[in-house]
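**Q** Read top to bottom, the protein sequences are chains V and H. Here my numbering is used: position 153 in the first sequence is 153, and no number is missing along the way. Here my numbering is used: position 253 in the second sequence is 1253, and no number is missing along the way.
Hints may be right or wrong, so weigh each one.
Now the stretches of chain V that chain H is said to cover, found in silico as 3 or more residues with beta-carbon under 8 Å [unchecked claim]:
1) 136-144
2) 156-165
3) 169-176
4) 184-198
5) 246-255
6) 279-290
Under 10 Å between C-beta atoms, here's a sample of chain H residues computed to sit facing chain V [to be verified]:
7) Glu1139
8) Ala1152
9) Ile1156
10) Glu1170
In case anyone wonders, no lab produced these hints; they're calculated from the structure. Predicted, not measured: the structure shown is a model, and the values here were computed from it. Ideal placement from N, C-alpha and C gives every residue a C-beta, glycine not left out.
2 protein chains.
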Amino acid sequence: MSPRTTPADGGVVLGVDLGGTVVKAALFGPDGTTLTVTHRPTGGRRGPEAVVASLLDVVSESQAAASARGTPVRAVGVASCGIVDERAGLAVFSAAFGWRDVPLRRLVAERAGVPVALGHDVRAGGIAEARLGAGRGHEVFLFVPIGTGVGAAVMIGGRPFGGAHWQAGELGHLVVRPGGEPCGCGQRGCVSTIVGGPAVLRHYRALTGAGGPADAAGVAALARKGDPDAVRVWSEVVEVLAESLAAAVTLFDPSAIVLGGGLAGAGELLFAPLREQLAARLAFQVMPEVRPAELAYEAGCLGAGLLARDLLNSAAGQQG
Amino acid sequence: MSPRTTPADGGVVLGVDLGGTVVKAALFGPDGTTLTVTHRPTGGRRGPEAVVASLLDVVSESQAAASARGTPVRAVGVASCGIVDERAGLAVFSAAFGWRDVPLRRLVAERAGVPVALGHDVRAGGIAEARLGAGRGHEVFLFVPIGTGVGAAVMIGGRPFGGAHWQAGELGHLVVRPGGEPCGCGQRGCVSTIVGGPAVLRHYRALTGAGGPADAAGVAALARKGDPDAVRVWSEVVEVLAESLAAAVTLFDPSAIVLGGGLAGAGELLFAPLREQLAARLAFQVMPEVRPAELAYEAGCLGAGLLARDLLNSAAGQQG
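Please construct the entire structure, taking both the sequences and the accompanying hints into account.
**A** In structure tokens form, the structure reads like this:
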């Protein structure tokens, strides 16, 4: 059997990560190697049509690039932010894009002319970490990317748990400070109002005035050097994260928590006190491993690529 | 095929609910009808051996009763409180019984001489509600029995989610009042220190002195009549329950919450304000149905009986 002519080999697949600001696409070879990565602004501020146009253009360009290599794209996986109904292939809601019930799977399939899987960015990242990253060997684990806010994919037996309405795992919207800062979600005092890039920067500036570091990584760097205001802001990040993860452990009982996203880049500045504070909060619960994600910014594309690969494999299984 | 001679018919099965104070056993006919129910004190205070002896005696007696009817027990399901490893057949831990790693499935199988399934009381109740009760038609729902404390079974596709260490769903041990009353679990301010029979009675007596109602149902009855102290205690029950369920909805995204146990017997005194307060706490989350369990005190036995029935069906499937 030639690896190019049977569905079972997989061929080349395209994984697209449709994020709030950037749409990123990667071609993956039959052995999982990343062949090329392209990205461009999502154009979310120009409305839903502009986002769909960006997405479809990236897909077409990547297909053309793959065909030029003599290895046409066999399937496409799209992992989108917002609320995604994977079964129906619908982008149900995104505040960033201002869209509701966009039939994203159908739109991409019409353009691409190959099978398309639609997934959710955080859950797709969880799939990638489960199969290829820090979640390997864990039947039940949480993948928790911390970027603008805090997300979570609840991974059970290698598959993400979506809940009844594809909204499970909204760790960033647990209320930890009742009556606290308003959150974009409509609640007050959510985890994401304290743990997340913009919150960290805002809270540091509230203490020190304008100027200073340009992002949360800069605040983390100052905290590492002992800057008292940065230490104060960082301590609250760790405390709130430990508090919310303790609740998640009590309800999900995972054997590992895999932290990814920008803030996890702070390394032991985050992990060391977080492990300590989480352990201190647990009593009868089993303390999970708390470890960094292994796939970093590529987890979304990679997870989308895996969804595409699964489509091909299940088609091959049905034919075989 | 005769219903008595093939495994597929199911025959008579025994479901045993091993609770903190009472062990209850029910014989179920092939059509699921309850034939007889027997119960006795668990004898937990006399130590692990006494509990096992009570359990084995109830099993033997029920088997003898079934044989006397001419319909011998074909399989036994045992649903135990505490931490239960269903795969290994181990009763891992129970504070009430003072036991660790008791090979309960093997012990019962040796006595009974028929296939035995070991389950967990709350998860078994969830299975019963999923198949025969208030959870029917819900792919993802929470079964939340409120008795001495608050438990939860997270039901996904008709099956309970156990977590990595069979400890998922410990809703009663979410910390809602940091630094609050000590809980038997080792934490402080758990849901179960406020929501649960003993807590309700204790808090009412703390306001009013000794005397008054003998149990939480009595406090609920006074609250219904407008007794200010009872109303105050009851309001806190509803508030804390709404708070913890809001967290559970944010993480699990269920389409229904099925409340059982003694406190759910308060009916609309509980359900009306609980629905209102839960809805008020949710923003983007989808408000689940909040409804009473349908199987009441029999859910545990029934769930255990279903585990036994599944054993027979899977054996029949393998033979057929």
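**Q** Work down the list of hints and note, for each, if the structure agrees.
**A** So, going through the hints one by one against the coordinates:
1. 136-144: holds (count 4)
2. 156-165: holds (count 6)
3. 169-176: holds (count 6)
4. 184-198: Held - the stretch 184-198 of chain V has 3 residues with a Cβ nearer than 8 Å to chain H, which meets the minimum of three.
5. 246-255: Result for this restraint: holds, n = 9.
6. 279-290: Holds, because 6 residues of the stretch 279-290 of chain V bring their Cβ atoms closer than 8 Å to Cβ atoms of chain H.
7. Glu1139: Because about 6 Å separates glutamate 1139(H) from the closest Cβ in chain V, which is inside the 10 Å limit, the hint holds.
8. Ala1152: This hint holds: alanine 1152(H) lies near chain V, its Cβ roughly 8 Å from the closest one there, short of 10 Å.
9. Ile1156: holds, 7 Å
10. Glu1170: This interface hint holds because 5 Å falls under the 10 Å limit.
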